[in-house]
Amino acid sequence: MSSSSTTTTTTRLLMLKASDGVTFEVEEAVATKLGAINNMVEEEGSEDLICLPNVNGKFLGMVLEWCKKHANNNTNSDKGNDEVNKWWDKEFVMDLDQNTLYHLLMAADYLSGTELVDLLTEKVASMIRGKKVEEIRETFKIKSDFLPGQEEEIRKKNSWAFE
Amino acid sequence: MDRLSELPDRIIRHILCLVPTIYAVRMSLLSKRWRYMWYSLPVLEFSDHDFAGAILQHKLGRFMDKCLKLRENDMLNVTDNTITKFKLLTYYSWGSNDVGWFKLVARSNIKELDLYIIRSGDGKLWHLPVDLLRVSSLTHLRLSGIQLKDLHSTSLPLLISLSLVRVHLDDQAIRNILLGCCSLEKLLLDSCHGSLNIEVSSISLKSLKIDCCTGLLKLAISSSSIEFLEMDSSTCATFQIKAVNLESLRLSDTVLKDIHSVSLPSLVSLSLVRVRLDDQAIHNLLSGCCSLEKLFLDSCHGLYKPEVSSLSLKFLEIDSCQCPRFEIKAIKLESLLCHGVRACFKLNLSSCKTLKNLSLTSSISSEQGLEYAIPRLTCLESLTLHYYSEWKHVKIYSQHLKHFFWEVKDHTSSCDEVEVTLDTPNLVYFSFGGYPTAKISMNVPNLSEANVRFFTQDYNLSWYTNLLDFLMNFDRLMNLGLRVDSEEVPI
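If you read the protein sequences in the order shown, they are chains A and B. For the first sequence, the working numbering assigns the number 1 to the initial residue and increments by one for each residue that follows. For the second sequence, the working numbering assigns the number 1001 to the initial residue and increments by one for each residue that follows.
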């Protein structure tokens, strides 16, 4: 029933170019959810093409998808919308594999998307909470590079933390 | 390397600040990358939940001690061991001997401190180390479940936000705290019971929230900086307020015995929800608000014959306030909404000459009768009568009325015959909800839209005849909406 959500009035469009050459056309209000892009827009003013050599197209697309969702809700923010946003965020991070999570975090951090960094770090934190060290090692496939016996030594020295 | 270890230190620290500190410490066993990571976390969070088994307090205290000492001593492996935020959640009360950790925290330039003591094992409340209230780097302090009595000097010059939850206070403590926090902008008192006399005369405080504080003897606020004030589920014997910059005030579920010395010259909006106060109190409150434009009175008790008298009021909503008579003297009033008033409720509308919007529900009656009052409300543009039962026969004469909403009865109750005569030459919109037995005669040459909603019980031949008769009134109308509240009525 409702028509497309794109605003009809004077919305400026920006071109974002990822490291692999993929480009995205996005509304300024969406892209400026990212602090880094907001700074560039404010500084450079007229430049409409922004190159982002540190993010590849796949992950830039995901970051922008998140921005679009959250920029829309800025205009008519109310409690109901907040609730919808939370659900959307939950789904967004639900099935991310660790490789995607890593690249998204790096991209969000590089682009200064503070809220998205918060969402993703919280996702990682939730994968740590409630687990024993060995379970954490297993979850994230972290290899020990301690010399034989060194780990035992640390454990002994810090026994107060392992009671 | 694995993806987690590949993240830059900054992001790893961000993640580790979100989990209880014990996880970060234990993760030092993972690899060399993780060995000293926790030393430089700016946020530390400790809780009894971190440990299993008995003698928790002993373990937790030792753990915090070790953590803080190691961080302080081992400057070789970390460049910055500043603690910005320290959070402790515990079920136990701490004796003065096991607060070594506290001294270390106090030395660390800490900005935010959150001590949450749920219920001390022996029922005693923890006496806060006096030094805490002299940690000059603190900007945010939240204390829960402790005792703050016989407090002498306080010096928290940078403190911006203070929350005291279930804190046992006395007058001296609260006075010294307010004196010693010269930058305080936000104060929350939650569940701080007791016969307190609170005098707030801060020049920095912007927001004050009082929640579940029963037994307050006196709350006297005199502050030019305060912009937000809320009081909920509290009782206060004497309430005095002078706040030149306060624009909005909400009091809810609160008992206010005596209100005086009110001066709120900037207040625009006032909400009283389930507040117990008497006629004198509301009079004193309103007489100190010379710019008030919006007033909401919802389910207030203790009123007998209150008088709402204001030279600035534009919008008044009265909901479920039971009192035999309500006097309204508001020469600028534009909108008046009264609903859910069960007792006999007499309304005096004679001074409301500028009223544009009037909405009445249930058994409210106007002093001289609405039939007399409405033609005299020369600005009236919109009139709503919901389940309004003053008369069976309503005659409405109004020169300027544009919108009329009429809902006869709840459709669960029995069918009633009502009759309305509309002499409203400028009416453009008419809305009706009720039974087709309602009789209507109208002089409405400018009507352009009508919405009719019928409730049904037994629809038989006479129901249809009535329906047709009713709809005949609108035979020349282009825009008519019709709805029948029933599943099986063929039209």
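These aren't lab readings, by the way, just hints derived from the structure by calculation. If you're wondering where the values come from, they're calculated on a predicted model, not measured in any experiment. Take the hints with a grain of salt, since some may be wrong.
Unchecked claim - Taking lysine to aspartate or glutamate pairs in the DMTMM-like style, the calculated list, with each CA pair at most 25 Å apart, reads: (1) A:K132 with B:D1002; (2) B:K1032 with A:E138; (3) A:K157 with B:E1045; (4) B:K1069 with A:D89; (5) A:K131 with B:E1045; (6) B:K1069 with A:E152; (7) A:K143 with B:E1006; (8) A:K143 with B:D1002; (9) B:K1206 with B:D1170; (10) B:K1209 with B:D1190; (11) A:K69 with A:D89; (12) B:K1066 with A:E134.
- Message: K1206 of chain B and D1170 of chain B were given as a pair; does the straight-line alpha-carbon distance stay at or below 25 Å?
- Response: Between K1206 of chain B and D1170 of chain B the Cα gap is close to 23 Å, so the pair holds against 25 Å.
- Message: Next pair to validate is K143 of chain A with D1002 of chain B; report whether the Cα-Cα distance is within 25 Å.
- Response: Within the cut-off at roughly 8 Å; holds.
- Message: Holds or violated: K1069 of chain B and E152 of chain A, Cα atoms, limit 25 Å.
- Response: It holds: about 22 Å lies between the C-alpha atoms, which stays within 25 Å.
- Query: Taking only the CA atoms, is the gap from K1032 of chain B to E138 of chain A under or equal to 25 Å?
  - Reply: Distance ~17 Å between K1032 of chain B and E138 of chain A Cα, so the pair holds.
- Message: Between the alpha carbons of K1209 of chain B and D1190 of chain B, is the straight-line distance 25 Å or under?
- Response: 8 Å, holds
- Task: Starting from K157 of chain A, check that the Cα of E1045 of chain B is at most 25 Å away, please.
- Result: 22 Å, holds
- Query: Going straight from one Cα to the other, do K143 of chain A and E1006 of chain B come out at no more than 25 Å?
  - Reply: 12 Å, holds
- Message: Check whether the Cα positions of K1069 of chain B and D89 of chain A lie no farther apart than 25 Å.
- Response: At roughly 39 Å apart (the allowed maximum being 25 Å), D89 of chain A and K1069 of chain B break the hint.
- 25 Å Cα cutoff - pair K1066 of chain B, E134 of chain A: 23 Å, holds
- Message: Does E1045 of chain B sit within 25 Å of K131 of chain A, going by the straight-line distance between their CA atoms?
- Response: 17 Å, holds
- Item | Pairwise hint evaluation, D89 of chain A against K69 of chain A, where the allowed Cα distance is 25 Å at most | 9 Å, holds
- Take the C-alpha atoms of K132 of chain A and D1002 of chain B, compute the straight-line distance between them, and say whether it is at most 25 Å. 18 Å, holds
Checked against the numbered hints listed earlier, the structure breaks hint 4 alone; every other hint is satisfied.
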